[in-house]
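2 protein chains.
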Amino acid sequence: MTLSQAILNGERLALARLLTQVENDTPQGRAALIELFPHTGKAHLVGVTGSPGAGKSSLVNQLALQYRKSQEKRVAIIAVDPSSPFTGGAVLGDRVRMRDLFGDPNIFIRSMASRGSLGGLAQTTANLVQVFDAAGFDVVIVETVGAGQSEVDIVRLAHTTVVVEAPGLGDDIQALKAGIMEIADVLVVNKADRPGVENTEKALKSMLELSRPTTKRTLKHHGTEMTVFAPQEKAEDGVWTPPIQRTIAFDGTGVPELLEAIERHADYLRQSGGWQRRERARLDVELQTLIRAELLTRFREALSAQAYEKALEDVVERKMSPWQAAQTLLKEGAR
Amino acid sequence: MTLSQAILNGERLALARLLTQVENDTPQGRAALIELFPHTGKAHLVGVTGSPGAGKSSLVNQLALQYRKSQEKRVAIIAVDPSSPFTGGAVLGDRVRMRDLFGDPNIFIRSMASRGSLGGLAQTTANLVQVFDAAGFDVVIVETVGAGQSEVDIVRLAHTTVVVEAPGLGDDIQALKAGIMEIADVLVVNKADRPGVENTEKALKSMLELSRPTTKRTLKHHGTEMTVFAPQEKAEDGVWTPPIQRTIAFDGTGVPELLEAIERHADYLRQSGGWQRRERARLDVELQTLIRAELLTRFREALSAQAYEKALEDVVERKMSPWQAAQTLLKEGAR
Numbered sequence: 001m002t003l004s005q006a007i008l009n010g011e012r013l014a015l016a017r018l019l020t021q022v023e024n025d026t027p028q029g030r031a032a033l034i035e036l037f038p039h040t041g042k043a044h045l046v047g048v049t050g051s052p053g054a055g056k057s058s059l060v061n062q063l064a065l066q067y068r069k070s071q072e073k074r075v076a077i078i079a080v081d082p083s084s085p086f087t088g089g090a091v092l093g094d095r096v097r098m099r100d101l102f103g104d105p106n107i108f109i110r111s112m113a114s115r116g117s118l119g120g121l122a123q124t125t126a127n128l129v130q131v132f133d134a135a136g137f138d139v140v141i142v143e144t145v146g147a148g149q150s151e152v153d154i155v156r157l158a159h160t161t162v163v164v165e166a167p168g169l170g171d172d173i174q175a176l177k178a179g180i181m182e183i184a185d186v187l188v189v190n191k192a193d194r195p196g197v198e199n200t201e202k203a204l205k206s207m208l209e210l211s212r213p214t215t216k217r218t219l220k221h222h223g224t225e226m227t228v229f230a231p232q233e234k235a236e237d238g239v240w241t242p243p244i245q246r247t248i249a250f251d252g253t254g255v256p257e258l259l260e261a262i263e264r265h266a267d268y269l270r271q272s273g274g275w276q277r278r279e280r281a282r283l284d285v286e287l288q289t290l291i292r293a294e295l296l297t298r299f300r301e302a303l304s305a306q307a308y309e310k311a312l313e314d315v316v317e318r319k320m321s322p323w324q325a326a327q328t329l330l331k332e333g334a335r
Numbered sequence: 001m002t003l004s005q006a007i008l009n010g011e012r013l014a015l016a017r018l019l020t021q022v023e024n025d026t027p028q029g030r031a032a033l034i035e036l037f038p039h040t041g042k043a044h045l046v047g048v049t050g051s052p053g054a055g056k057s058s059l060v061n062q063l064a065l066q067y068r069k070s071q072e073k074r075v076a077i078i079a080v081d082p083s084s085p086f087t088g089g090a091v092l093g094d095r096v097r098m099r100d101l102f103g104d105p106n107i108f109i110r111s112m113a114s115r116g117s118l119g120g121l122a123q124t125t126a127n128l129v130q131v132f133d134a135a136g137f138d139v140v141i142v143e144t145v146g147a148g149q150s151e152v153d154i155v156r157l158a159h160t161t162v163v164v165e166a167p168g169l170g171d172d173i174q175a176l177k178a179g180i181m182e183i184a185d186v187l188v189v190n191k192a193d194r195p196g197v198e199n200t201e202k203a204l205k206s207m208l209e210l211s212r213p214t215t216k217r218t219l220k221h222h223g224t225e226m227t228v229f230a231p232q233e234k235a236e237d238g239v240w241t242p243p244i245q246r247t248i249a250f251d252g253t254g255v256p257e258l259l260e261a262i263e264r265h266a267d268y269l270r271q272s273g274g275w276q277r278r279e280r281a282r283l284d285v286e287l288q289t290l291i292r293a294e295l296l297t298r299f300r301e302a303l304s305a306q307a308y309e310k311a312l313e314d315v316v317e318r319k320m321s322p323w324q325a326a327q328t329l330l331k332e333g334a335r
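Taken in sequence, the protein lines are chains A and B.
Sequential numbering of the first sequence, starting at 1, is according to our numbering.
Sequential numbering of the second sequence, starting at 1, is according to our numbering.
If we strip away everything but chain A, and leave its shape as in the complex, we get:
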C-alpha cells in the first residue's frame, strides 16, 4: 500500500510520515501530493494570526477542543513558528502543545519552523494543508505569529482569516495591524479579562474602518500581476462585516461564540460564491509559485557553475550591476 493510500485510509502514523516528507520536499512527498490532490477541496481552511503576545496558540487549542465538543469535526492545526529560519528548529515544540489535546485521534497538531525563504514557507504550508485536507480533516487551522508579508502570504491560504489581539500589547502594534486588517474576516480580543479591553476593541473597530479601501487595486511585482485576496475580492463576495469577539483562551470564555462566527463566515462564503473565488485565487498563487521555483531550478541546471561565479565576481568588483549580470546569465542559459 502506498503512503497516500494509507493516508486516505486514515492511518495516523502514515500521515505523520508524509508530513515530514512534504516538509522536506522529497520525491516521495511530491509524488504523494499528486496522488492526494484529487481528494482535496473539502476542508475549511482557517488562518489565525495577530500580534505576538495575543495568546494565539492557547486560543487555537481551545478552538480545536470546541470543534470536537460541539460538532465532532476532525481538526488539524499547523503552527508556523518564525522562530528559526536558519536552524529549522521550532521553539514551541509539538510536545508542549500536544499535552492539552493528547489522546484525541481526531486532532492533529504540526509545528513548522519558518525555514527556507522567498515564498518557500507559504508553499510548504500549502502542501501540508493539502495533505490534511485529503486525509479527511474537516477543519485545518493555520496559525502564524506576527503580521509581516510572510504571514500575509500564509493567511492568503485561508477561507476564513481570524485576527487575534489583546489589551496592552505595546505602542506600535497599531502599525502592524493595518495590513492584516484588510484580510481579517473575524476579529478576536483575547485576554478579555485584562484592563483596557474596551480600548483594544475600539482601536480594532477604527483600524477596520480605515483598512477597507473602496478602490480596486492589483499587486505588481517586476511586471507580474499577482492574484491576491484583496479587499475588492471581498466586496465581490457581498457584504461581510467582520465581527469582533471577546475571548479568554485560558478558561475558554467566548470560544463557542468564536466558533459560531467562523462557521457563519463559511456559510456566507458558500452562499455568496466567495468560497470558489478564494479557492481559485489560492490555487492560482500556488501554481505561479511552483512555476517560478521550477524555472529557477531548470535555469541553474542549464548554466555552468563557473559562469555564475564569474558573473557574481564581476558584480562584486562593480564591473557589472546585478541586473546586467542577470541579463548576461539569462542569455547564456538560453543558449
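Just so you know, these hints were derived from the structure itself, not from any lab.
These numbers were taken from a predicted model, which means no experiment stands behind them.
Just so it is clear, CB atoms sit at the ideal spot from N, CA and C, and this is done for glycine as well.
Below are the PhoX-like pairs computed for lysine-lysine, each with C-alpha atoms no more than 25 angstroms apart in a straight line: (1) B/Lys319 <-> B/Lys331; (2) A/Lys42 <-> A/Lys73; (3) A/Lys319 <-> B/Lys42; (4) B/Lys69 <-> B/Lys42; (5) A/Lys319 <-> A/Lys331; (6) A/Lys69 <-> A/Lys42; (7) B/Lys331 <-> B/Lys310; (8) B/Lys42 <-> A/Lys310; (9) A/Lys42 <-> B/Lys319; (10) A/Lys310 <-> A/Lys331; (11) B/Lys73 <-> B/Lys42; (12) A/Lys331 <-> B/Lys331; (13) A/Lys42 <-> B/Lys310.
Okay, the calculated beta carbon distance ranges per label pair: (14) B/Gly168 <-> A/Glu257: 25 to 33 angstroms; (15) B/Asp193 <-> A/Glu263: 42 to 50 angstroms; (16) B/Gly41 <-> A/Arg298: 28 to 36 angstroms; (17) A/Gly196 <-> B/Val239: 41 to 49 angstroms; (18) B/Glu209 <-> A/Asp251: 31 to 39 angstroms; (19) B/Lys331 <-> A/Leu330: 16 to 24 angstroms.
With chain A held as given, fit chain B onto it using these hints.
Below, chain B alone, put in the same frame as chain A:
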C-alpha cells in the same frame, strides 16, 4: 544632465525623485541603478529590527542624530513598514519622523510600505540602499518591524544587524527572538528605565547562547541552495560576541555607546575579511532574486493567457495537481 548624474552631484530633489522611480520599478529607475552601481560599495549598511513596541523608530532617529554629532557622517534611513501590503500606504509617514531631524541636509529618511510580495520587498530595499550608497551616504540604516522571514530577508542586506528589545513586551516574544538572534551583531535593551530591564537582558543573553549553533547548515528551497548570512559565516569571520547595550531612546541615554558598538563591529568586519564575505553573499542573493523574477516574466510572455487559464481551471476542478499543471505549462512555454 541625467538623474543619476544629479544624484552623484548630491542633489536632494533628484534623489527623492529617483527613490520613487526605483520603488515603482520604472525603466528610468532601472537604468539609473545600472549607472549608479559602480559608485556603490562604500556605505556601512546597518539593519535594525526587533519586537514591535521596542521603540525602534525613536532609537533609529537618535542614532542618526548621534552619527551627525560625533562623526559628521551622512545618514540615510529606510523605514520598512509592514503596515499595509495591499494599500501600499505607510502608516508611520515620512512627515512625522522628519520632524525630529528636519533641516539637516545630511540626513535622509524614506518610509516604504511592505508592498509587493514573494521577495519583492527585499529586492526593492536592496535597490534603495544602492541609491543611497551611490549618493554618498556613509551610513544606510534599514529599519524593519517584526521578526518574520521577510525581516530576515531584509536584514540580510546589512553589514551590521542591530536587534532591539524592551522590557515587558508580552509572553510569546521569546519565540520571535530565536530566529533573529542568529543574525544579531549588536543587541539593545531599549526603554531601559522601565522595570524588568534585568530580566530582558538575561533573556537576551540566554537566547543568544541558544541560537548560536555550531554545526554547518545550508538553506535549501526546491533544490536551490541559498547563500545566506548563516551562523557559520559569522564563525568564519572570527569571534564576535554580540554586546548588549541599554538605551533610553526618549532622552538619548546609551545612544553614543550604541554607536560605538556598531562602529566596533564594522572595524571587526573589515579586519576579519567579513565585510567582503557579507558583501558577496548579499550580491549573490540579489543576483538570484533578479534572475528568478526575470525568468517568470519571460515565461509569462511566451505563454498564452488561455493556456494558463486552462491549466488553472484543471487544477480548480482537481483534474491536475498544481505541480502537474506547472509541468504542463513549462513544457508549452519551452516550445
